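*Asks:* Whole structure, please, built from the sequences with the hints as guidance.
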Amino acid sequence: MGTRNFLWNSAKKFFTIGLIGLTVSDRYFSIVPVRGYSMSPTFNPQISSYTGSLTDDRVLVEKFCLEKYKFSCGDVVVFCSPSNHREMHIKRITALPGDWISTPHSYDAIVVPKGHCWVEGDNSVFSLDSRSFGPIPLGLVHGRVTHIVWPPQRVGKVDKRIPQEHLPF
Amino acid sequence: MSRLFQFVRQWKPIIKEGFSQSFLIAKFLCLLHVTNTHVCTPVLVYGPSMLPTLNLTGDVVLVEHLSQKFGKVGPRHVVVVRSPENPRKTVTKRIVAVEGESVTFLVEPALSDRSHTVVVPRGHVWIQGDNIYSSRDSRQFGPVPYGLILGKAFWRVWPPDGFGSL
Chain Z
1 MGTRNFLWNS AKKFFTIGLI GLTVSDRYFS IVPVRGYSMS PTFNPQISSY TGSLTDDRVL
61 VEKFCLEKYK FSCGDVVVFC SPSNHREMHI KRITALPGDW ISTPHSYDAI VVPKGHCWVE
121 GDNSVFSLDS RSFGPIPLGL VHGRVTHIVW PPQRVGKVDK RIPQEHLPF
Chain D
1 MSRLFQFVRQ WKPIIKEGFS QSFLIAKFLC LLHVTNTHVC TPVLVYGPSM LPTLNLTGDV
61 VLVEHLSQKF GKVGPRHVVV VRSPENPRKT VTKRIVAVEG ESVTFLVEPA LSDRSHTVVV
121 PRGHVWIQGD NIYSSRDSRQ FGPVPYGLIL GKAFWRVWPP DGFGSL
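Chains as they are written, first to last, in full-length UniProt numbering: chain Z, 1 to 169; chain D, 1 to 166.
No wet-lab data here; the hints were simulated from the structure. Please read all numbers here as calculations on a predicted model, not as lab measurements. Accuracy of the hints is not assured; some may be wrong.
As the list claims (entries may be wrong) - Taking CB as the label site, the calculated pair distances span:
#: 1; chain 1: Z; residue 1: 8; chain 2: D; residue 2: 22; range: 23 to 31 Å
#: 2; chain 1: Z; residue 1: 132; chain 2: D; residue 2: 113; range: 33 to 41 Å
#: 3; chain 1: Z; residue 1: 3; chain 2: D; residue 2: 60; range: 44 to 52 Å
#: 4; chain 1: Z; residue 1: 13; chain 2: D; residue 2: 18; range: 16 to 24 Å
#: 5; chain 1: D; residue 1: 74; chain 2: Z; residue 2: 154; range: 39 to 47 Å
#: 6; chain 1: Z; residue 1: 67; chain 2: D; residue 2: 38; range: 37 to 45 Å
#: 7; chain 1: D; residue 1: 22; chain 2: Z; residue 2: 151; range: 33 to 41 Å
#: 8; chain 1: D; residue 1: 113; chain 2: Z; residue 2: 114; range: 45 to 53 Å
Backbone N, C-alpha and C fix where the C-beta goes; we use that ideal spot for every residue, glycine too.
*Replies:* Following this line, the structure appears as structure tokens:
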């Protein structure tokens with residue numbers, strides 16, 4: 001009888017903690033690991049042969065930007081992949097709606113449509129981004145990265161800057 | 001000094017009660033948020049684009065999110081999606097085709113018979129309003145990524161004479 005009570009109380013506690021954690025991570029902040037090297041050297045600067053998840057960077061993602069969907073050029077965002085809704089990617093926004101962007105390897109220039117943005121990884125060689133799948137709707141963005149929280153030697157704010165060769169005209 | 005201790009001793013149980021009630025309210029709000037975002041929520045939909053299925057002046061429908069999370073949303077389902085043209089707006093349309101299928105549609109149904117055929121790319125869906133004459137949908141803004149789908153509308157709650165499954 002006492003064990004059942006104890007189990008029931010523990011279950012209630014876990015449920016409450018789960019609810020609160022889910023609400024906070026949906027509406028305010030969450031911490032996500034960064035996999036892959038498409039954002040080197042901003043995240044995961046060392047390409048290590050030991051691809052353990054303990055060495056991945058962990059970043060703080062804020063969800064307050066999802067109220068008005070107001071982003072600026074140079075923000076690093078977390079978004080749902082347009083070709084596979086179960087995957088999430090982290091890239092930098094390099095152009096906003098209405099900006100012109102030059103497509104690589106050709107003389108074409110395209111304008112980013114209304115409600116969309118152009119995302120690119122800082123490490124262009126390794127990055128699968130808007131240069132392959134085109135501009136993404138802003139509705140797919142799930143948060144903005146503000147700080148690195150792991151590893152301790154690189155804790156700090158994530159800069160809002162774009163590499164010079166990616167400037168839209 | 002002793003007056004301060006007396007004051008604290010008097011108010012301590014009331015403050016504790018206040019904290020515990022606030023915590024209860026916070027827990028309830030978290031439960032409400034999780035249910036509305038991840039399980040089921042009522043949504044008011046209005047506009048002419050889904051006539052005759054949904055009324056012009058507004059219907060309240062129940063939208064469930066679990067099907068979208070498990071990838072079970074498919075053709076002929078009425079879905080609520082975040083608009084690709086304005087992420088702060090949500091639109092309600094019907095899924096006509098999923099990835100890999102090809103869609104043939106009339107470019108301007110009121111003006112001509114010209115039709116166009118498109119293959120829906122991987123990870124996207126093609127949505128159209130039931131009222132093709134008055135609907136802004138995939139025929140204008142193209143196929144929509146599956147990640148923009150918020151949920152499937154499965155039951156109408158208001159008006160009462162329309163109560164029932166969609």
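*Asks:* Compare the structure with each hint and give your call.
*Replies:* Hint-by-hint comparison with the structure:
no., hint, verdict
1, 8(Z) to 22(D): 23 to 31 Å, "holds (24 Å)"
2, 132(Z) to 113(D): 33 to 41 Å, "holds (36 Å)"
3, 3(Z) to 60(D): 44 to 52 Å, "holds (46 Å)"
4, 13(Z) to 18(D): 16 to 24 Å, "holds (22 Å)"
5, 74(D) to 154(Z): 39 to 47 Å, "holds (44 Å)"
6, 67(Z) to 38(D): 37 to 45 Å, "violated (19 Å)"
7, 22(D) to 151(Z): 33 to 41 Å, "holds (37 Å)"
8, 113(D) to 114(Z): 45 to 53 Å, "violated (29 Å)"
Of the numbered hints listed earlier, those contradicted by the structure are 6, 8.
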